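Peer 1: Each chain, written out:
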Amino acid sequence: MKRVAIVGYAQHPILKNAGALNEVELIMPVVHQLFNDLGISQQDIDFTCSGSCDYLQGAAFAFVEGLSAIQTNPPIKESHVEMDAAWAMYESMLKIQMGDAETALIYGFGKSSPGDLDAIISLQMDPYYISPLWPDRVSLAALQARVLLDQNVITSEQMLASVIEARANSKNNKNALITDLIDESVYLKNAMVSSPLNKLDCPPISDGSSAMIIASEEKAYEFTDHPIWIEGIDHRIESSNLGSRNLATSNTLQASMNQLNLKNIKFDVAELHTQFSHELPFLKSLLNLQDVPTNLSGGPLVGNVMMCAGLDAIGKTYESLKDNQFTHGLAHATSGPCLQHNMLVHLEAQK
Amino acid sequence: MIQAGVIGVGQTKYDAKRRDVSMAGLVREAIDNAMLAANLEWDAIDAVILGKAPDMFEGVIMPELYLADAIGAVGKPVLRVHTAGSVGGSTAVIAASHVCSGQFKTVLTVTFEKQSESNATWALSPRYPYSPHINAGAGGYFAPFIREYIRRYEAPEHIGWKVAAKDRQNALKNPLAHLHIPGIDEKMVSDTPMLWEPLRYLESCPSSDGACAMVITAQDQVGSRNVAWIKGMAVRSEGTLSAGRDEVNPQAGIDCAKDIYNQAGIHNPFNEIDCAEIYVPFSWYEPMWLENLGFCDLGEGWKLTDKDATAIDGELPFNMSGGVLSSNPIGASGMIRFGEAALQVMGLAEDHQVEDAKVAMGHAYGGAAQFFAMWIVSSSLD
Amino acid sequence: MSAEDTPKDYSESPINLEYFYTAGSATTRFLNQVKEGNIVGQGCPKCKAVYVPPRGSCPRCGVATDIEVPLTDKGCIESFTVVHIPIPGNPIVPPYVCAMIRLDGANISFLHLIQDVEIENIRIGMRIQAVWKPKEEWTHSLENIKWFAPIDEPDVDVATLRFEES
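Protein chains in written order, with my numbering: chain U, 291 to 641; chain L, 33 to 414; chain Z, 3 to 168.
Hints are not guaranteed to be accurate.
[To be verified] Okay, the calculated beta carbon distance ranges per label pair:
no. : chain 1 : residue 1 : chain 2 : residue 2 : range
1   : U       : L423      : Z       : Y23       : 48 to 54 Å
2   : U       : L433      : L       : G57       : 23 to 29 Å
3   : Z       : P16       : U       : T539      : 33 to 39 Å
4   : U       : A451      : Z       : Y23       : 50 to 56 Å
Derived from the structure by calculation, the hints contain no laboratory data. From a predicted model like this one, the values you see are computed outputs, not experimental measurements. C-beta: ideal position from N, C-alpha, C; glycine also.
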């Protein structure tokens, strides 16, 4: 299998409301930053792929607008997933592995501020039985949190710790939206949104964008002496029927761990796309990361740009390996209610 | 590169309203037909690639989540593609890329649209502030480009009627087609009301419910199956509002076609391609794409149409299945082109089979004629 | 069995979502000028192409269009269609003409209406000028222009409109 490496990643500062910026104005700065960092242009990119969601901004072709940020003269090899941009990276990796590209630009963008995210995301559910009830995303997450608490998979103290640590870790992340520190008393003063999740257990409404460049082994060394390799990647989806899933575990994540043979790898760092406080201790336990520094960027609780946050977990892991001279990193991206669709990415710096 | 081929194509009956099935039932109908055609068990499927046009057409966001069970994806990787009208084609290309990457042996890909469950016109024309609300649908958008084509090359108006009649006559040979119009001819087309001048009612595509699925596998998995080998595939995009862009003859279409011809070793597409399923949602796009895709010189496309070169028994049959003009479940329309091209070289196109078709082309376009996906399939690997 | 007794094979489940729509900074600059009756395109610093209305970028070059280029409200019809069906939510009565308007000095066109002329006299290349609403009705929208109407100037060969980088 052809090896593929990440050679660059850029993230827009996460905003509470990017109202003054349209899609083009959100995307262009991160793409240009990457090009400048690497001293390249769109002409050096063989394949471009983006991730976005029309419904976030209420336009049927949001990604078409976004494409205007990219130089498309001459026309480019380009595609789009209506998914988190982590899956745009996945598609781009396949293009490199099949030999159709040596380099790929990935970008994701999302503005959750213009609409009612709770209402919008409930349209992800079964349109005949579930969506007409308008279940909001926090309530769906709370179902899983309750199961995890009741089955002693996690504790409420761990949920509290997730929130406090996320804010403490935001100091490592110049793009974080939430940076104020809190203690237990502040946490407990917040009203429940959907029990057992209070406001601070939930991610902030966020706007932003991010971009990444990946390359084949031959090309990667032209960009950097220290590429970060995508050593393993696997993603799988669970049933849409919450009643048929065991929410206290994740069969698909376990399958992905086996597929990637993660048991024997000592990870130095992990970034998980854990949008709610209970998901962090749950996945740390499931993925055997108890002793691994996790979400040093603060993770989604300090900034959660829809359609980017998964790519950001990969990007932040990449940065961590690069900046700290770590060897092994694990990134996780997710989609759907109650961690329905999960991707694991094993990144490795070269020795 | 790993060689991939199509070993099963499955389609639904296309209709204005498929109220007999849910969205899940609709995609499953196409998938079951594709799996039967491929003669495969579910265990053989390593990943599922789903494509459709905007989520607003059905009001379901990221439908791969809701459809995970119906598309047989539970426990497997699933990818959701959205590249506007070209999505059916680009989804096929991405599915094949899964196999060609070496990561997957066999994948299932499915595309659909169930426009009857929502209001597609609303989805396409929400009223945004700040700009005049004069969006008159896709036909209103493409009609000025068509008028400019007619002006440039002095094409006579009956060309559009001819294409519309020819594709609907082909549809009568395809039991799955949405529109079956007995006795359809140029006169009948020219008698229908004008919608967006120069386009008349019957020169425009319908709005359909439907799904199309394919099973794509690696060469070493084919066994004794009938296979359509993918000899070339490509996508190209260009920005919507880009200075210097020629909407009548988009560079992205020219480049994409050249790419697949190169991959497939085709030097003279008119002579070397036996038949093609080309995305023609409005009649005039047949001559326009004949030129854009390099089948003839600029200004010669309408003349080829006029002398019946694109008829099912012509030199270069176009849209033997009836094309987008006869069935248009938008998200699936591109994949139907790719799948029908495969059926032709597999010799499975039944009543609309082109005799002795060995090499066929599938084509899709979308957005403001700015997104393109194409492939060449062949009955032989050589 | 009466129609009312026939079992329904569908039910309606309306989706109403409200969005707080924002224009973006390039469009805001443009619309602030439109509010005053001015049309100011935005130019690409690299290829010099002029965009109106601007979206903030030049897709030819992938850079921000940060040069303000004042234009007049005159131009020509790059192409057009006569629409014979109503627009959902728009009171306009068919048939009406929707045209690709290319303002003088601009390198892309935009859709707007053509009126004050017999439809059969409209041609590609015809010279036109904006017909504005009364000033007191001006807002942040190209709807300040009611439509475009022909002016007495010689037709333009639209082949010459194609942008070529100098």
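Peer 1: Against the structure, test the hints numbered earlier, and report the numbers of the ones violated in rising order.
Peer 2: Hints 1 and 4 not satisfied by this model.
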